[in-house]
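Participant: Using the sequences and the hints, build the whole thing.
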Amino acid sequence: MIEESIKDICKKLFEHEIVKITVDYSGGNDEGYFENLQLHNKEKQIVNVDYSEIFGENTEIEDDTITDLIANDDQLNQYGSFAGEYTCNGTITINTENGDFDDDGQMTYEEYDSNPNSGNIYGDAAWKLVNL
Numbered sequence: 017m018i019e020e021s022i023k024d025i026c027k028k029l030f031e032h033e034i035v036k037i038t039v040d041y042s043g044g045n046d047e048g049y050f051e052n053l054q055l056h057n058k059e060k061q062i063v064n065v066d067y068s069e070i071f072g073e074n075t076e077i078e079d080d081t082i083t084d085l086i087a088n089d090d091q092l093n094q095y096g097s098f099a100g101e102y103t104c105n106g107t108i109t110i111n112t113e114n115g116d117f118d119d120d121g122q123m124t125y126e127e128y129d130s131n132p133n134s135g136n137i138y139g140d141a142a143w144k145l146v147n148l
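The C-terminal residue of the sequence shown carries number 148 in the numbering used here, and the numbering is unbroken.
Everything labelled a hint here was simulated from the structure, so no lab data went into it. Keep in mind that this is a model prediction, so the values were computed, not measured. There may be inaccurate statements among the hints.
[To be verified] Label pairs and their calculated CB-CB ranges:
1) N105 with E19: 28 to 36 Å
2) N57 with D129: 49 to 57 Å
3) D84 with E59: 26 to 34 Å
[Said to hold, decoys possible] With a cut-off of at most 27 Å between alpha-carbon atoms, the simulated BS3-like pairs for lysine-lysine come out as follows:
4) K28 with K58
5) K27 with K58
6) K36 with K60
7) K36 with K23
8) K58 with K36
Each residue gets a CB set at the ideal place from its N, CA and C atoms; glycine is no exception.
Facilitator: What follows is the structure, given as structure tokens:
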């Protein structure tokens with residue numbers, strides 16, 4: 017079981033010259049996902065990381081672990097379980113040096129308008145029968 021928080025992981029990544037984390041998300045209507053975790057160095061390059069070199073030989077931390085921690089953090093994930101009549105997508109960017117984050121997300125709400133329809137399938141004939 018992972019005991020580290022996303023804050024702990026960010027601090028440790030910064031100590032190893034990872035200055036930015038990005039992760040994409042998309043969802044709505046009770047479904048959604050976070051994917052495409054990327055780690056960036058000071059030269060703004062995307063880098064691959066051997067997590068055992070950062071967190072120790074027996075670490076359970078991997079890309080999916082970090083992605084899940086971001087997805088389950090109430091401050092970072094503004095859409096929760098993606099439950100609602102909307103669709104959204106975006107990228108969360110975390111500065112590992114100072115903890116600042118940005119979510120460039122976009123959301124589209126689904127609205128349902130009332131569209132009542134009533135009448136009489138018999139047309140004028142029913143009116144004539146009733147009013148004889």
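Participant: Hints first: check each against the structure and report whether it holds.
Facilitator: Comparing the hints with the structure gives:
no., hint, in the structure
1, N105 with E19: 28 to 36 Å, "holds, 31 Å"
2, N57 with D129: 49 to 57 Å, "holds, 50 Å"
3, D84 with E59: 26 to 34 Å, "holds, 28 Å"
4, K28 with K58, "holds, 15 Å"
5, K27 with K58, "holds, 15 Å"
6, K36 with K60, "holds, 8 Å"
7, K36 with K23, "holds, 13 Å"
8, K58 with K36, "holds, 8 Å"
When held up to the earlier numbered hints, the structure conflicts with none and fits them all.
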